[in-house]
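*Asks:* Listed below, chain by chain, are the residues.
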Amino acid sequence: AQSVTQLDSHVSVSEGTPVLLRCNYSSSYSPSLFWYVQHPNKGLQLLLKYTSAATLVKGINGFEAEFKKSETSFHLTKPSAHMSDAAEYFCVVTVRRSQGNLIFGKGTKLSVKP
Amino acid sequence: DAGVIQSPRHEVTEMGQEVTLRCKPISGHDYLFWYRQTMMRGLELLIYFNNNVPIDDSGMPEDRFSAKMPNASFSTLKIQPSEPRDSAVYFCASSPGSGSDTQYFGPGTRLTVL
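Residue numbers (the numbering used here), protein chains in the order written: chain A, 50 to 163; chain B, 5 to 118.
Fair warning: there could be bad hints in the mix.
[Unchecked claim] Derived CB-CB ranges, DEER-like:
| id | chain 1 | residue 1 | chain 2 | residue 2 | range |
| --- | --- | --- | --- | --- | --- |
| 1 | B | THR24 | A | SER119 | 24 to 32 Å |
| 2 | A | LYS117 | B | MET19 | 34 to 42 Å |
| 3 | A | SER61 | B | SER31 | 18 to 26 Å |
| 4 | B | SER70 | A | LEU56 | 35 to 43 Å |
| 5 | B | GLN21 | A | SER119 | 21 to 29 Å |
| 6 | B | GLN84 | A | LEU105 | 44 to 52 Å |
[What the hints assert, rightly or not] In silico negatives: residues of chain B with every beta carbon more than 12 Å from chain A:
| id | residue |
| --- | --- |
| 7 | ARG45 |
| 8 | ASP60 |
| 9 | LYS72 |
| 10 | ASP105 |
| 11 | ARG114 |
None of these hints come from the bench; they were simulated from the model. These numbers come from a predicted model, not from an experiment. Glycine included, C-beta positions come from ideal geometry on N, C-alpha and C.
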């Protein structure tokens, strides 16, 4: 069975400092892993996706995530936070190429202080 | 591409009334998903379709909920009768299929049942 745990419900950083949002997953099969972002009163936007190619995945808006099988982690990072990054971020796991079986984490709310 | 389109964006209704939410998926996508998001339960998959056929409706909470997809470009989620605990944001998402499991979300419908 698949599951995903986002280790922090809320992360607060100052503008210009690095961002780290942590995610651990559990999957019996080769997983696909995603990060989605949800800005207030908006839908979910795909940030990046890991399938089976490079373990370091680059996404939009300067975000990237590294797949570490040994640690079953898929942490999201950004070198320098911007005010516009304030949003909720969801880590998602699925069995690769299985439609409909997206398992969402509880979400991490990122606050960015000026 | 216009992305996934949902209407209405906001709906306020009284308990006992029928509510119909609408979704237009991205053209050419074979899969359509309905999700519900609440503070308490996060994002929950309600039902999904493949080529207009319902594949998994195990997430539909009660018989008061029904979903249809009469053609490849339109789907509805109906709640009859509505109850205050149905208040949530309902998202529609679509996916191309054909080996891609990435889902693209609409902006959501915020439903308030008084």
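*Asks:* Against this structure, judge whether each hint is valid.
*Replies:* Hints, one by one, checked against the model:
no.: 1; hint: B/THR24 x A/SER119: 24 to 32 Å; verdict: violated, 49 Å
no.: 2; hint: A/LYS117 x B/MET19: 34 to 42 Å; verdict: violated, 49 Å
no.: 3; hint: A/SER61 x B/SER31: 18 to 26 Å; verdict: violated, 40 Å
no.: 4; hint: B/SER70 x A/LEU56: 35 to 43 Å; verdict: holds, 38 Å
no.: 5; hint: B/GLN21 x A/SER119: 21 to 29 Å; verdict: violated, 53 Å
no.: 6; hint: B/GLN84 x A/LEU105: 44 to 52 Å; verdict: holds, 49 Å
no.: 7; hint: ARG45; verdict: violated, 10 Å
no.: 8; hint: ASP60; verdict: violated, 6 Å
no.: 9; hint: LYS72; verdict: holds, 17 Å
no.: 10; hint: ASP105; verdict: violated, 5 Å
no.: 11; hint: ARG114; verdict: violated, 8 Å
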